[in-house]
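There are 2 protein chains.
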Amino acid sequence: MNAAPLSGLYAPSLALVTDLYQLTMAYGYWQQGMQDREAVFHLYFRKAPFQGGYAVAAGLALAVDWVENLHFSDDDLAYLGSLRGSKGGALFPTEFLDYLRQLKFTCDIDAVPEGTVVFGNEPLIRVRGPLLQAQLLETALLTLVNFQTLIATKAARIREAAGPTDQILEFGLRRAQGFDGGLGASRAAFLGGADATSNVLAGQRYGIPVRGTHAHSWVMSFEDEVAAFGAYAKAFPDDSVFLVDTYDTLDGVRQAIKVAREMRANSHELAGIRLDSGDLAYLSREARAVLDEAGFTATRIVASNDLEENLITSLKQQGARIDTWGVGTQLITAYNQAALGGVYKLAALRKADDSGWDFTIKLSEQVAKTSVPGILQVRRYLNEHGKPRADMLYNTAAPLPDQLTIIDPADITRRLAIRPETTFRELLEPVFRAGQRVRELPTLADSRAHAQREVQSLDPSIRRFLNPHTYPVGLEKDLFDYRTQLILEKKPVRGA
Amino acid sequence: MNAAPLSGLYAPSLALVTDLYQLTMAYGYWQQGMQDREAVFHLYFRKAPFQGGYAVAAGLALAVDWVENLHFSDDDLAYLGSLRGSKGGALFPTEFLDYLRQLKFTCDIDAVPEGTVVFGNEPLIRVRGPLLQAQLLETALLTLVNFQTLIATKAARIREAAGPTDQILEFGLRRAQGFDGGLGASRAAFLGGADATSNVLAGQRYGIPVRGTHAHSWVMSFEDEVAAFGAYAKAFPDDSVFLVDTYDTLDGVRQAIKVAREMRANSHELAGIRLDSGDLAYLSREARAVLDEAGFTATRIVASNDLEENLITSLKQQGARIDTWGVGTQLITAYNQAALGGVYKLAALRKADDSGWDFTIKLSEQVAKTSVPGILQVRRYLNEHGKPRADMLYNTAAPLPDQLTIIDPADITRRLAIRPETTFRELLEPVFRAGQRVRELPTLADSRAHAQREVQSLDPSIRRFLNPHTYPVGLEKDLFDYRTQLILEKKPVRGA
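Line order of the protein sequences matches chains A and B. Each residue of the first sequence is one higher than the last, beginning at 1 in the UniProt record's numbering. Each residue of the second sequence is one higher than the last, beginning at 1 in the UniProt record's numbering.
Since the hints were made in silico from the structure, they are not lab data. Heads up, none of these hints are tricks.
Since the list gives no way to pick out one identical chain from another, each pair is judged satisfied if it fits inside one copy or across any two copies.
Straight line, CA to CA, 25 angstroms or less: simulated SDA-like cross-link-like pairs of lysine to any residue:
id	residue 1	residue 2
1	Lys234	Glu262
2	Lys47	Asn336
3	Lys316	Arg463
4	Lys47	Asn310
5	Lys87	Asp292
6	Lys369	Asn336
7	Lys47	Gln337
8	Lys490	Ser277
9	Lys369	Asn305
10	Lys316	Asp276
11	Lys369	Asp248
Extracted from the complex, chain A is given alone in its bound form:
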C-alpha cells in the first residue's frame, strides 16, 4: 500500500479519523453493557495560545459536518475486522462490528459559536449522550477545534497588529501541514481576520476572496523586468501587483514605474508592488517615496517574508509604508505555537441504577489542571458598556445559589462577587438534541464579523501581545467547593 487515491482525504467515510483507543474503549463499553450509560464530556483548552490573553473559538461548523456524516462504511468495518491482537485473534468480534454498522448518533451537543472569544478552561463543546458515542467523537472534535481555534486566534492577533484598515492576505499553502492543513488554515485565518487567501480551493469551498501576485519565476522567464511586468499588465491590466525584488528591490520599483506609466497612458493603474526580502521598513519607505514622486500615490505596497504579529508591530513602529501584509508560514502553521492543547474530559456519568449523576474528575499534580466535574455552562457577565467583565463556569445539574461568587481555581483568593442585576449571556448554545441538529450555523462571513466584534469588545490590556492582563474566569463557589471535596476523596492520603 502506498499513496491513497488523490493523495489526501478522499474518503466516502471519515469515521476512521480517530485514535484506535476510541474503538477499543467502545468495544470494552459494549462488552460491559455500558454503551448507553449517559455521559457528559467537555472540550476545552487550558491556556490561550501564543502567551496571549484570549482565543477565538473556531471549528464548530467542520465538527458539525463530521458528526452529521459519521457512519461506519463497509470498508471501514472490513478494515477493523482485519485487525489482529498479539496472539493472532481478531481484535474486534463480528458482533461488535455489526453494532458499529447500525450505530445511530443520538447525542446532545452544545457549543460556543465560532468567532466568540474564549479563555482557558472554558468548555467550547459539551457532549451529552450514550457513553460509547460521546467517547467516539473525541479525536475528530479535538483535531478540528484545536487547529481551527489556533489559526483563527493567530489571525486575530495579526489583525490586531495590522490595524483595522490594512489588508491581510494569507498565502501559506506551500508551507501548510498537508493539503487539508492548508485548506483548514485558510478557512480559520479568514474567520479570525484575514481578508483573502491565495488558496484557490479555499476560495471555491468557502467563498473566501482569492488574491495573488506573481512569482520570481515570472520575472526570470523574460528578458528583463520591464518585459515581465509589461506582459503581466497585459494579462491583468487593472489587477497587477509586480514583485520587484528578483534582482534588486529599488531598481525593481523603478522598472515597475516605467510600466505603470505605460499602463496609465492606456487608462489602467498599477494596483501594487510586492516586497519579498530585505529590510522591509527601509525598502517600503523608499519605494513609497519613489512611487509618490512618480505620481503613483494609490499604488499599494504589499510586503511578505515570514511576517507575524510582532514583526508587523515592529515594522509599523519603524514607519514602514506597507498597506497590505502577505502572511504565509507563520499564519498557516501558527509557527511559534503549532498546536493548541485542547482536551476532552469526562465530567459526569449517569449512575448504573439511573438514580442520578456521578460527577467525575481527572486529578493532576497541579490542582489547576484537574478537570471540572458537572454538566457545565459558561456564563459571561458584562459590564455597564456591554463588554465582557468575567466568566463563570457552573454546574447546570445543581441549583445556583442566590448570591453568586466566582473563584479562580488557580488562585483561590481571587474571588468576584456578582451583583444580582449584572447582565450576562450563556456561551454554550444547543446545536444537536438527540442526534438531530437544532441550530442553523452562521455563514463563514457572519462568523468572521462576529469574531471581529468579539475581539474588539475585549479591553486592550487583554488583547496586547506582551504580558496581557488575565481575563477573570472562575468556578461558581458551589461548584468550586464540590470539586475540592471530590479531589480530596479521590486523592490517596499520604503520611509524612
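Dock chain B against chain A, hints included.
What follows is chain B alone, placed relative to chain A:
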C-alpha cells in the same frame, strides 16, 4: 458557503490545491504564447530542519499521485470562470479555461527516492517540461514534500534518541493540523522511523500498524481502577496497556498489578502500563521496580507527555526505564519547527528561438541564498566503506571536466578535489518521462527500511542534535564559476 461536505478534502479534483498566482501566471504565459517553452524547475530546501545535520526526503509518492490525477474538472473551471477582477470583468477568459480543460501533463520529473538522506540546497525534485505546466505544479509539490520531509526527519531524530530497539508509537492526531495533517504526518512518521500509529485511517490507508491503550475517561467510568483495568483486560486479554495516572501514578501501578495477577491466573499477561504525567524518569524507575518485584518483568512501560528527541535523550541519561515512547504533538506537528522552507525555482528556460538554454537565477542579498542555474543532478560520493562522503551539484547540460572539484558556495575556500576512482551514485532518478510514469515506487515499508539504512550510513557527528557536523555539499567548479558570472551580470553595479 460553510463547511464543505465531509469537512475536508473530499474532492474529485485537487487541481485547485494551488496558489492563485500559479493560474494568473499560467494565463499570462498562455497569452504571450510562452506556455510550451521548455523550462526546468528545482524543488529544494536551504537548511535542514531542527538545526539538524540532515533531512529524510519524503512525499514523493503523494506528489506522484497528485500529478497523475491532475486535471481541471467542470466545477474547477466554473469556479475559475466566476472570478472577477477589480473592474468587474472576468479574471480569466473562456478561451484560457478551455485550454486548461484539455491540458495534458507532459513533463519529465526526476526525484530523490523517499527515505534518502538529503541536505540543504540539493534538488529533491526536478521538473522539466512546458513552462506553464511546470509552473502549475509548484504549490502542490511544495506542500506535500515540505511537510512529509519535515515529519519524516523529526521521526528519524526521535528514532535516533530512542535507539534501535525501543518502540515508538505516534499518537498525535488530536493535535494535528487538520485531518489530512494528521494522516500525512502519520505516514511520514512511519517512514522516518515510528513503529505504529494510533490513527486508524492511517492504518487503513497506508498499512501502518495501529496501536492504542485507553484514556483517563475509561478509568473514570468505573468504580475504581481495579474495576476499570479488569474490564479492559476482559476485552483485550493479551493486548492491554493500562493507563495508571488518573489519580496517582504509583498507586495506579499497584492496582494494575492486582489485575495483572488475575490475568496471569487465567494464562494472560499484562502487555504494559502507560505513564502520562509527572516525573517520567523517577516514575518509570519506581514502576519498573514494583512490576519486577511482583514478577511482571515482561510488562512494558509506555510513556507519553510532550515527548521529543531531546527529552527522550535526557530521560535515557537519567536511567528512565521506558521501552515504548508515545509521541504526540511534538511529532505530528514538528512542533519546534512546524514548517520546512522548501522552494521551487526556475533554473533553465529554452531560448525563444530554440537555439539552446538560458540558465536563470534569483538573486538574494546573501549569495548563499541565490538560486543555482542549470539542469541539475546531485552526485553523492562514497568513502571506502560505502558511506556518504560529499555531495556535488552539477549541470547535466554541460560537459563535466576531467578533474572534479566541489566548492561550498557558502564558503568558497571550502573545496574538495574528487579522486577519479571515487565511487558515487546519482540521487535524482527518472519518475516521469513526457508525462508518463517510468518508475514503480517502493512500498511505504520499503521506503521506511531505506530511510533507516540511509540515516545509519551517516557519521554520528552528522546525526547528533547539538551543533552537528556540516556534511559537505557543493557545486562542481564549472557550475560554481558559471553561477558567479551570472550573478555579476544580473546584479546592478553600484558606485561608492
